[in-house]
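Colleague: Model the full structure from these sequences, guided by the hints.
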Amino acid sequence: MSEIFALVEHRQGTIRDITYELMSCGRKLAENASAKLTAVILGHNTDSIVQAVKSQAHRLLVVDSEMFKDFNSELYQITLSEIIKQQNPRLTLIGHSAFGMDLCPALAVQVGLPFATDCLGVEIVEQKIKVTRQMYDGKLNARVLLRENPGHMITLRSGCFPAGESSLEGVVENLDITVSSQPDYRKFIEYIEAAIGDVDITKSDILVSIGRGVKEQANISVIEDFAAAIGGVVSCSRPVVDAGWLTKDRQVGSSGKTVKPKLYIALGISGAFQHIVGMKSADTIIAVNKDPNAPIFNEADYGIVDDLFKVVPVLKNKILEMKQAKG
Amino acid sequence: MDIIVCIKRVAQTAEADVKVDPSGKNIVKDRLTFDMNESDTYALEEAILLKEKFSGTLTAVSLGTAEAEDTLRIALAKGADNAIRIKAEDFDELDGFKTAQLIKAAIKDLKFDVIFTGCIATDDYFSQVGVALAEMLGIPHATLVTKVDIQENKAQVYRELEGGLLEHLEMTLPSLFTIQTGINEPRYASLIAIRRAAKKEIKVIGASDIDQTGIQAGTVLEELFPPPVGKHAEILSGSTDEIAVKLTGIIKDKGLI
Chain H
21 MSEIFALVEH
31 RQGTIRDITY
41 ELMSCGRKLA
51 ENASAKLTAV
61 ILGHNTDSIV
71 QAVKSQAHRL
81 LVVDSEMFKD
91 FNSELYQITL
101 SEIIKQQNPR
111 LTLIGHSAFG
121 MDLCPALAVQ
131 VGLPFATDCL
141 GVEIVEQKIK
151 VTRQMYDGKL
161 NARVLLRENP
171 GHMITLRSGC
181 FPAGESSLEG
191 VVENLDITVS
201 SQPDYRKFIE
211 YIEAAIGDVD
221 ITKSDILVSI
231 GRGVKEQANI
241 SVIEDFAAAI
251 GGVVSCSRPV
261 VDAGWLTKDR
271 QVGSSGKTVK
281 PKLYIALGIS
291 GAFQHIVGMK
301 SADTIIAVNK
311 DPNAPIFNEA
321 DYGIVDDLFK
331 VVPVLKNKIL
341 EMKQAKG
Chain D
13 MDIIVCIKRV
23 AQTAEADVKV
33 DPSGKNIVKD
43 RLTFDMNESD
53 TYALEEAILL
63 KEKFSGTLTA
73 VSLGTAEAED
83 TLRIALAKGA
93 DNAIRIKAED
103 FDELDGFKTA
113 QLIKAAIKDL
123 KFDVIFTGCI
133 ATDDYFSQVG
143 VALAEMLGIP
153 HATLVTKVDI
163 QENKAQVYRE
173 LEGGLLEHLE
183 MTLPSLFTIQ
193 TGINEPRYAS
203 LIAIRRAAKK
213 EIKVIGASDI
223 DQTGIQAGTV
233 LEELFPPPVG
243 KHAEILSGST
253 DEIAVKLTGI
263 IKDKGLI
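These protein sequences, in sequence, are chains H and D.
Going letter by letter, the first sequence gives residues 21 to 347 in my numbering.
Going letter by letter, the second sequence gives residues 13 to 269 in my numbering.
Everything hinted at is true.
In the BS3-like style, the derived pairs of lysine-lysine whose C-alpha atoms are separated by at most 30 Å in a straight line are:
1. D:63 to H:268
2. H:280 to D:258
3. D:65 to D:116
4. H:280 to D:264
5. D:258 to H:338
6. D:63 to D:211
Residues of chain D clear of chain H, computed beta-carbon distances all greater than 12 Å:
7. 216
8. 218
9. 222
10. 225
Output of the computed footprint for chain D on chain H, the stretches with three or more beta carbons under 8 Å from beta carbons of chain D:
11. 118-126
12. 135-143
13. 164-170
14. 207-217
15. 273-287
16. 294-308
17. 326-332
I should point out that these hints are in silico values taken from the structure, not numbers from a laboratory.
The structure presented is a predicted model; accordingly, all values stated were derived computationally and were not measured.
From the three backbone atoms N, C-alpha and C, an ideal C-beta is built for every residue, glycine too.
Modeller: So this is what it looks like as structure tokens:
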């Protein structure tokens, strides 16, 4: 058997977008390797998931248990290790998400599979599995070969494999696997929703977003003045929240909010992928950064390679002048 | 409460020009600065806070070349009791899987209740050493931890998921936690503590100290290369004044003001 497996990721009853990206990547690999793609679904009341994924894969393996209502990587690991040992897929694809990061390395070690995490690309060349990854804060890419073995496992970065149309008619196989109850050593208790702040940054047409380059808390008032002048709201990347300068509800990125403003001005944000996924759908992106190689310039429409504290006051004045001329 | 924290000395590349060296498999290091990996500084702080609360022994472990001892000394200055360096120069193909195997071998005689690691290293972006190590040791783990509250043998653990959602878990010890940035406020080491730490012994473990039967990498790095330039921004040039005029024009043309 030379199957490709892709693990369906869902949370609170909703299939996560990464699932369709995994399927799209898996179909392409299967096509090139004359293999079949199998979607693996661990869930509870899985009918809606099965319906949504059916067209995406050649086969669906389903384990339906109340234990899979919420995600517990320990239970996933126990069940998936059993399935993988039975079925011996050549490659298993998992999302590089909070879910996949918790699961993949432990599962791969348990089953004895060579694995690679956070992959942006994957190809099977002459039976060998090669992946492309990012390293050094996204400044370089790396081509990585997985050790030869009958099976492998990789996690894929979200946003790298566009979900595609598919009209397969996946055959559903329900697996009769006894799922143990939650182990005492790791019990899921609950999800806790993010606290709601004073401003909803997802509702603003203009976001003035700051990163590490803002340097210290005292500088934030300069940015707030600028945001007020342009009619926008201040948002930020992770380091600003980590430092306690702005609250979590202002954070743009994978662990913060996904925003789609008309204008996104990134000030002193280098552009780690965790940030990019949260703002790349903005209509117009302007980035100011001292580092000409900052990854943010790959996403921005307009870039200024300079100190943000030199640019911001001048730009603020020009905008105020323009508003006065108009007004 | 005996604690182990895994830390790594990494090139600070976020704001640096990073170039591939002639081997094609490494970076040119001479103009880069090196420091403790960011999320490891939070893992270390969490370990020190836990030690201060319950007392016990805190051991810092690092796989690295001799320079990694500087990073271990920072850990000693901040509050670690012992430090172990695994000699990176003795091993090749150090991916996350092999690193975890070597750390497991290096800590095999240590007692521990909790292991902390950072959630990601900014040089290799793997996010795998902690989880792989936990599996090899046969203990449970949780990743991306933004809060952990330990009482006796139980830990209330909060993981950060996408979109700011938190996952609350209850776990027992021993466990391994990979720590997300922002969980605490990492302290600075005082000058006196740094001077004192300079005299402390660091245990060095090399190839001859580890039974390497079965230890192997899961991946091989073939080459490093600059990422393809995608939709690259139009870089505006000129004086700050000229740039501001251009930008204002763009913003106005798009009807954004």
